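Listed here are the chains, written in short residue letters.
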Amino acid sequence: MLLLYSQNVRPFFILFLMCFALIACFFRASLCAEGLVNEDVKRTLDLSSHLAKITAEIQLANHGASRVSGFTLALEAELAPHLAFIGASVKGEEEEDESLELKETTVHGQSGKFFEAQLPSSLAPGAKLRVKVETVFSHMLKPFPTHITQAERQLVVFQGNHYLYSPYPTRSQTTRVRLASKTVESYTKLGNPTKSDETVEYGPFKDVPPFSQDAMKIHYENNTPFITISSVTRTIEVSHWGNIAVEETIDLRHTGAFLKGPFSRYDYQRQSDSGISSVKSFKTILPASAQDVYYRDEIGNISTSHLQVLDDSVEVEIRPRFPLFGGWKTHYIIGYNLPSYEYLYNLGDQYALKIRLVDHVYDDQVIDQLTVKLILPEGARNIHVDTPYPITRSQDELHYTYLDTFGRPVLVATKNNLVEQHIQDVVVHYTFNKILMLQEPLLVVGLFYILFFTVIIYVRLDFSITKDPAAEVRMKVASITEQVLTLVNKRLGLYRHMDEVVNRYKQTRDTGALNSGRKTLEAEHRTLSNDISALQARLKAEGSDLAEKVGEIQKLDNQLKDLVCRSCQEAERLVAGKVKKDAYIDSDKTLSGKRQELVSRIDSLLDAL
Amino acid sequence: TRSCLLCVKMTKLGFLRLSYEKQDTLLKLLILSMAAHPNTCLNELFLVGSYFNYRTTRFLTEEGFYKFHNWFDDRAWYPLGRIIGGTIYPGLMITSAALYHVLHFFHITIDIRNVCVFLAPLFSSFTAIVTYHFTKELKDAGAGLLAAAMIAVVPGYISRSVAGSYDNEGTILSQRYVVYSNAFKKASIGKVLEFVKYQIETYTLLFKSLVLFLYWLMLGKISPWTGRFYSLLDPSYAKNNIPIIASVSEHQPTTWSSYYFDLQLLVFMFPVGLYYCFNNLSDATIFIIMYGVTSMYFSAVMVRLMLVLAPVMCILSGIGVSQVLTTYMKNLDVSRPDKKSKKQQDSTYPIKNEVASGMILVMAFFLITYTFHSTWVTSEAYSSPSIVLSARGGDGSRIIFDDFREAYYWLRHNTPEDAKVMSWWDYGYQITAMANRTILVDNNTWNNTHISRVGQAMASTEEKAYEIMRELDVSYVLVIFGGLTGYSSDDINKFLWMVRIGGSTDTGRHIKEHDYYTPTGEFRVDREGSPVLLNCLMYKMCYYRFGQVYTEAKRPPGYDRVRNAEIGNKDFELDVLEEAYTTEHWLVRIYKVKDLDNRGLSRT
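Quick note, the sequences are listed as chains H and C, same order.
The numbering of the first sequence is UniProt numbering, which starts it at 1 and goes up by one.
The numbering of the second sequence is UniProt numbering, which starts it at 1 and goes up by one.
Treat the hints with care, as some may be off.
What the hints assert, rightly or not - Facing chain C, from chain H, some residues (calculated, C-beta under 8 Å):
1. Tyr266
2. Thr304
3. Tyr400
Claimed, not checked - No farther apart than 30 Å at their CA atoms in a straight line, the calculated lysine-lysine pairs in the DSS-like style are these:
4. H:Lys280 with C:Lys592
5. H:Lys329 with C:Lys594
6. H:Lys142 with C:Lys592
7. H:Lys280 with C:Lys594
8. H:Lys42 with H:Lys128
9. C:Lys136 with H:Lys476
10. H:Lys467 with C:Lys136
11. H:Lys549 with C:Lys330
12. H:Lys260 with C:Lys570
13. H:Lys434 with H:Lys354
14. H:Lys260 with C:Lys594
15. H:Lys132 with H:Lys182
16. H:Lys329 with C:Lys592
17. H:Lys260 with C:Lys464
18. H:Lys561 with H:Lys540
19. H:Lys260 with C:Lys592
20. H:Lys506 with H:Lys594
21. H:Lys260 with H:Lys280
22. H:Lys490 with H:Lys506
23. H:Lys540 with H:Lys555
24. H:Lys142 with C:Lys594
Stated by the list, open to error - Pairwise CB distance ranges, derived in the manner of DEER restraints:
25. H:Phe448 with C:Ile94: 23 to 31 Å
26. H:Ser604 with C:Leu361: 23 to 31 Å
27. C:Lys594 with H:His360: 40 to 48 Å
28. C:Gly393 with H:Gln271: 22 to 30 Å
29. H:Glu315 with C:Ser249: 42 to 50 Å
No wet-lab data here; the hints were simulated from the structure.
The model shown is predicted, which means the values in this text are computed figures rather than measured ones.
Note that the Cβ used here is the ideal one computed from N, Cα and C, for glycine as well.
Just chain C, same shape as in the assembly (with noise of 0.2 Å):
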């Protein structure tokens, strides 16, 4: 930022004696350099749906169009199977696919899996420079280049396109914008040859896109797109009626702390660009008024579309800091010494030079301080993989929790091929991918009726369960388990919303939310909670001999870090399961289903 803030001083300036085309070839240079240049290099995928979409790829890659195309896979949403070819939207696959062999044909032997992992970052990049030209276009070659280095840090677009990150949505940016500046490329011929025309189809085409684009960040991997569409028009509709919509995290109204935390200067000066914009009215500006308004409810309604609004805002506060630096610049008496005895003072306007370097200071500390702002949330919140979970030691070294893909690996390597994993429905895509085993639900929730079966199994004692898990013919079931380490998003906390879900279907009439809260309508795990919620499998399944386990000092065994409770449950065996694995620090529990006895009866 501060570099190309100097840049762009140095043309107010004159300090470069070059021509106009040379100082924007410099320009543009150092834009590529500087805001193009990718974020990380970990290589590691981080997302949920990364996981799914690499998988994609790489079957893509090794089997070709046409098999892919006839994809039917068996591994997911057992038994009713998913055709992937016929389902997903394939252009991001294609893309890497062909990025793939074109550098295999140049014996370029990079790995599918880096392919993946470095096309969001590269694809960011491209939106730098496409952001660039689409400000241009807007306003000048300066807030193009404020907008440009913007984009190039801000954490609400670096969460979705840092490497590992392997999304529609992350790559999605950079086409719209060669869209919409291509549009007003066409504009502005318009204006000289068919006014009138032209305008409709620009319109037109931009209504298009910008419908395509949310069309597309629904459909990405999300089929019920009806009930999250309408949650969008609607923001209580999801939770009045669909709770697994509701359920999901990124599905949540932004808070206002987030809108600091992911975009700082940005929310401040995103006002000044939109009065810049109303000041100067044109269709391109109109255009980007409505944009920036649209997507700022959006993001309101959920937080997933932060991603909408983090570059628009970029794109507008870019014009605001560059108007702002404009007015002042001018305003800045940079003749040299030798000659101030000619200059004479303003009456009207008597500290103007004061005022004008003052507000450029200003602007320049804000600027600096968003790109550390930037630079520490990016480090902090959206460079972890969040398959890998660490914490502070006592002594303040660092600990690794891996246990995910410990678990993962396990089932991998130590189950039957065909063996059929119950996991809620969050883990989904990360079990297929990196344990390669058939599961019933994941992360495309497109089957409310099947989620809620497995809510169901989760939610009713162990003999209901066995029913449910024989029907479905379950062989191992996998829970997420925080109690030891402290990890707070597990599965019991999740736990009601597998209730609500299990409850919201017919075959699961019996299961009533209330039955699980304490008769004063709390949710507690110790002495004092439900009877019903501690004798559910789900409860069984995290609480399997934790009960004897010291977690921390001065405390009862068995005492829960996430709910800060002594379990309630302490001494039970499991009739129907048998402990398969726990992993390290207990945050991945795996239970293998056991077979009918050997006269066929069941367990219980």
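Looking at chain H on its own, in the form it has when it is part of the complex (with noise of 0.2 Å):
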């Protein structure tokens, strides 16, 4: 409505509203009270991209007769729904910006956004101040002609005010406008201003009475990418293994003018400038630590993105399945995991992830709606978080994964219209018993261990409801020819160990060890040949004919033993001088060659078995 009212009103109106402030003064004092004027105001509109950036450096002024320890921030009623951020600085002389604290207040019978900022030190009578704020509106440029074909350029259009909405007068100002192309359709000619290449320049205007209003109107070319993000789910699952798996599903919309008629797909291959506002790619840039990137939608991996690692950061060019025109959408999902050392912080159980509530999409983002699930280890406890602006928790939920047994706490917050400058850390604190982080391992090996036991339990325990003797008989045989094998084995060792004792003797000539070696050797002989025997009895019973071969090998083992103790005897006889060297050496040549023989028969008939 205040945008509407012709030239000749204005002075009128001016009045009017000097008039109104007057009153609002009477009933809040305190305002007019602080005396505070803008005595320099140099806004800058930047409408290149598809957002509306207005910043305005302030130079404000005490004319009052007390200090004033804050100042007051008004955006208009038509503005202020589109409103994304807002922030407002301190300029120092020499030291860095000193950003201010800003909290919503209202203003008695003023339309309007209000914001209260408290200055750090309060400003004496007479002192001044320069002071930076900075906005950012989304969906302010409005596509005009609202569709367009595939030909044609897209026109939008921005309304806004010529001044500072301020609670304060405004000495001088002056308003910069920066566009996205040189093609302007038609423009608010107040003040005369200048227009040259991509700007238009207001102002000065002098003497402006507090919450002036008055209606700018730029109509011009526009092709940057007009798309929005229309929601995005963030998911940050965090695993105190080391990983943080970060997964957005982001719905994706092209929000400037509609494509009216056709798509040509050969005008748009030949032509460069067809289809000029539709998007056809953009970049994400995710953190430099990100592996594992990925980007898909409901139906199946998306071929057509890069991925650029660079020092400082990854970049993934994202090129959705078609190019974006007006109103159209698209979908999709991009994930990608983090080593949690760069964003978990922990001191004994208590931890600190520090990670960004949102992340870039793409440059000068709008963001309309925004929900985050932060996925916390299973077992966290008294959670806190410090968020970096006012943002609206939903009811904490349980999710459910790998291995969980009763739940991972999740975080959930929503907030709505966002921009670049939202892209800052929020900080989860929990406590974390670390002992929990055995429960998954144990689950595992529990696991392990029950499937090995059943495992044991179904081999070697006969679940067969029907009786099969032969399968018994067989398996009762099998264990018996075991143990008769190792017997044998040990029988032979024994051989093997008094070959050793016989060289032994022939060296140190003393035969007190030859016949401990001798008596030893008989009498584990004796009760290995017993065992043995013993198995064989058994085998006999239980009718196999293995028992047959086991004996076939205790009747060469005899002989076996036999040329054993010849060898002994002939070794002793060598040592008493009773026979010549050589005579030994023919002897021993055939008594170990007969040996080699049983030997190998009786290898052979334990393979048979």
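Take the two lone chains, each set in its own frame, and fit them into one complex as the hints suggest.
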């Protein structure tokens, strides 16, 4: 309504406003009592993207009698719903800018949105201060015409205010508008502005009363990507095993002028300016440590994307399956893994996760609706969240995934209308008992234990309801044969041991050692042979023909033992000098030859077993 | 295969000093790990039918069994709809849904999509194990091992059981073999107890399961089963009576080359196995002979029934190879060199050892080449999803044509929720699953007349087609066009089938196939082509504005790279349609049907 009045009404209106301001002062004495005045205002309207970024550098002077500890920022009622971000900072002389805390407030009798800024140190009467106010508005640029064909260029209209909307009188101000292109259809001509290339400069305007409004309207060409993230769900899953998985489900829409009529692929491929306002691709910047990046949608992997790993970031060139024209939308999922040591800090059981609440999707991004889901490890307690700006928390949820028993706590938060300035860190504090880390490996171990145990039970026990005597006998025989095998091998070992004893005897001529060796051989051999005979008897009892083979082995073994004894005697005789060395060697050779043969026969029998 | 062969050798030579049971367990484990190892790990659905099955499974898991049972799908067969719960065989979906729920009960949060993708490989693993047991019943464990190893890689079966082919066909085999081998086990007990009675029972069971299987295969997703069933018994039936069945490439008779391509060594070893079976006639071998010969016949009738043949080929070849190996392994002189002197040469068989080792080497060579061939075929022909096409660029790099999904995704997000899409029935399942839009006809080709109506629209002039499209309430039309990229299975190449099917019903009596040929009887899209063809809707949709495109160097604009001809009708505008979307490589073109003008008059 305020924007529609004509030139000749303006003085009256200003008068009216002044009266109004006076009345307002009457009610809210604090406002005027401050006696603040905007000495000099430099406004910049950056309309070169699809956002309206309005910055105002204000020189604030205290003309009042008392010290002032804060001031009020105002936004026009028409602009207020589009506000995505507002920030104010005090320009220091030499030191860095100091950002101010803003608190929303109301001004009685005035429409619009108001913020109370608290100064770091109060402003003495007569003192001056430079303040920078930054605001970003989304969806302020309206495409006009609203529907264009593929060949046409996109024109947009911006409607705003020539003046700074402020509760304080302004002494002098200039407004500079940056556009996206040289082509401007029309613009309001208040105060005879100058236009050069892509900028329009208004002012200076002198002595503007408080709450002044004068409709500014600029109609110009803007082919920058008008894409809006209509909703994004950002899921951050923290694992204490060293990984943070991030997944963003994004709904994207081209919010520029709607495509009217057909889409011609031929023109699109042939002419570079065909569909100039459409979006083919854009860049998403992920953290430098992002790994295993995936880009997919409901119907599978999207094959048209490029990944570039830079020193300080990972750049993904996101190319939707189809170019986005006005009104077209798409939906995709992008996800990646981050090493947790860069984001997760701990002191004993106290953990702190510091991660971006929302991340970069494309330059000059607008997010209509953001949902953040933070999945903390199972067993995290005493959760406390520090957000960089107010955000709506929903009911916490529980999330179950691999090896979970009682569920992971999920923090859910939502916020509307976000822009690049909202890419800030959130800090989540929680306590986590480290013992719980063992839960998952133990579960796996337990599971395998149960698995193997069942297999053991199944294999070892007989679950059949019928008896199979043949199989039983076979198994019995197999176990007996196995015992026989070990025993026979042991017995053969005894002979080898005896050989060693004999050799040692030949060198040391210690008869005592030889005799004791012989005795142990005899003793052990007897027990082993007896055991084998017992097993042989059992085999016979089972009716297995293997018993005969065992008997044969026994027979061969007897011969073998005789041979061992004989070689032993021969050695004794040699030592005693009863035989010549040559003869001994001869007889030894024949003996060992016979033994070799016997052993190999026993071996072949064992193989047969 | 090789390691299994090695195992067989080791068993035979007794290298492993283990008890029989232990050897058996070891070998079984080896089979489990080798043969039953799932084949691929792609995360996409491959075959057309899979999309439908996936969609129904998702519905089942999300909505529950009773809703699934009563599901009336209004997305397909517009305006008729389809009672899905009552017309499909829900075994597959219930299996995967049950698997999904069990996994989720244990908090193994696998997506239902992955369950579907990996169900076929899982079941093919089971098939390998079951084949082992089945063949063991027929001959011995060695043959079983070989058969299992063969079925693990045989392309004819892999083509239907790779990850992503989610269909009854791939999963049914293992179930069927369980029935068979159980039947044989029963039979062997039966001999001891009541020979005759059990035998009869076994045979009826076997017969039933065979009939049931074929019945299933036919019915799997096919309602006019009679037609397809008849064409099995009489291969020329479909060709003469039902063009829609004849039009499916899967229903074409199998060529010789595809036998070799899909089976390789098995083609030669199959008769060896048969010979062995004839030599050792028993109930089991008679059954396998019958089974082998009948499936040979079936596979010759239709390409798709190669699936029936492949496993029995594996079994019989396994028997054959194992027989050859056992015969010659015996002759192999395995004694150690130090004992060589003791062995005396058999005078009637002079170079026994050399022949035996030669034979075994040849067999090993064949088996190794079989492995390589199978791997090659699988990776070349059966591993790429049919939805994504790829080609080699001039510099040898791989170019991906992801146009199908591009178009379907565009439909999904940029058309009204209730839009009806007309396309040839081949793309029906894909459109419902990926684009989530209502379609007129799909791969379940039960309603011949409805498909025929769509064929008529495609084959008519714009004016006539507009009437049909208004009648069918069509909002978008989708065509596949390969002229720019050289993709040969596009709609122009399928067009004659549309004409035939369109002309096969009463409403399309005016559509005559010979009108679309040149006077000399050729199907041409260039200047010489029949004027009826050059002015029909399909032609116009495919070639709209194509006349201006340069496709190849030194060729005039509008040169079709599939038909290798400059198109005959270049300069035309569409009256009743407007181009809504064309994919990057022009593979899919979507047109929007214009509304009646303001006065409610037709556009033409």
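These are the hints, each one checked on the structure:
no.: 1; hint: Tyr266; in the structure: holds (5 Å)
no.: 2; hint: Thr304; in the structure: holds (7 Å)
no.: 3; hint: Tyr400; in the structure: holds (5 Å)
no.: 4; hint: H:Lys280 with C:Lys592; in the structure: holds (22 Å)
no.: 5; hint: H:Lys329 with C:Lys594; in the structure: holds (22 Å)
no.: 6; hint: H:Lys142 with C:Lys592; in the structure: holds (28 Å)
no.: 7; hint: H:Lys280 with C:Lys594; in the structure: holds (27 Å)
no.: 8; hint: H:Lys42 with H:Lys128; in the structure: holds (16 Å)
no.: 9; hint: C:Lys136 with H:Lys476; in the structure: holds (25 Å)
no.: 10; hint: H:Lys467 with C:Lys136; in the structure: holds (23 Å)
no.: 11; hint: H:Lys549 with C:Lys330; in the structure: holds (24 Å)
no.: 12; hint: H:Lys260 with C:Lys570; in the structure: holds (25 Å)
no.: 13; hint: H:Lys434 with H:Lys354; in the structure: holds (19 Å)
no.: 14; hint: H:Lys260 with C:Lys594; in the structure: holds (13 Å)
no.: 15; hint: H:Lys132 with H:Lys182; in the structure: holds (28 Å)
no.: 16; hint: H:Lys329 with C:Lys592; in the structure: holds (18 Å)
no.: 17; hint: H:Lys260 with C:Lys464; in the structure: holds (27 Å)
no.: 18; hint: H:Lys561 with H:Lys540; in the structure: holds (24 Å)
no.: 19; hint: H:Lys260 with C:Lys592; in the structure: holds (13 Å)
no.: 20; hint: H:Lys506 with H:Lys594; in the structure: holds (21 Å)
no.: 21; hint: H:Lys260 with H:Lys280; in the structure: holds (18 Å)
no.: 22; hint: H:Lys490 with H:Lys506; in the structure: holds (25 Å)
no.: 23; hint: H:Lys540 with H:Lys555; in the structure: holds (16 Å)
no.: 24; hint: H:Lys142 with C:Lys594; in the structure: holds (28 Å)
no.: 25; hint: H:Phe448 with C:Ile94: 23 to 31 Å; in the structure: holds (30 Å)
no.: 26; hint: H:Ser604 with C:Leu361: 23 to 31 Å; in the structure: holds (29 Å)
no.: 27; hint: C:Lys594 with H:His360: 40 to 48 Å; in the structure: holds (42 Å)
no.: 28; hint: C:Gly393 with H:Gln271: 22 to 30 Å; in the structure: holds (25 Å)
no.: 29; hint: H:Glu315 with C:Ser249: 42 to 50 Å; in the structure: holds (44 Å)
Going through the hint list in order, the structure satisfies each hint without exception.
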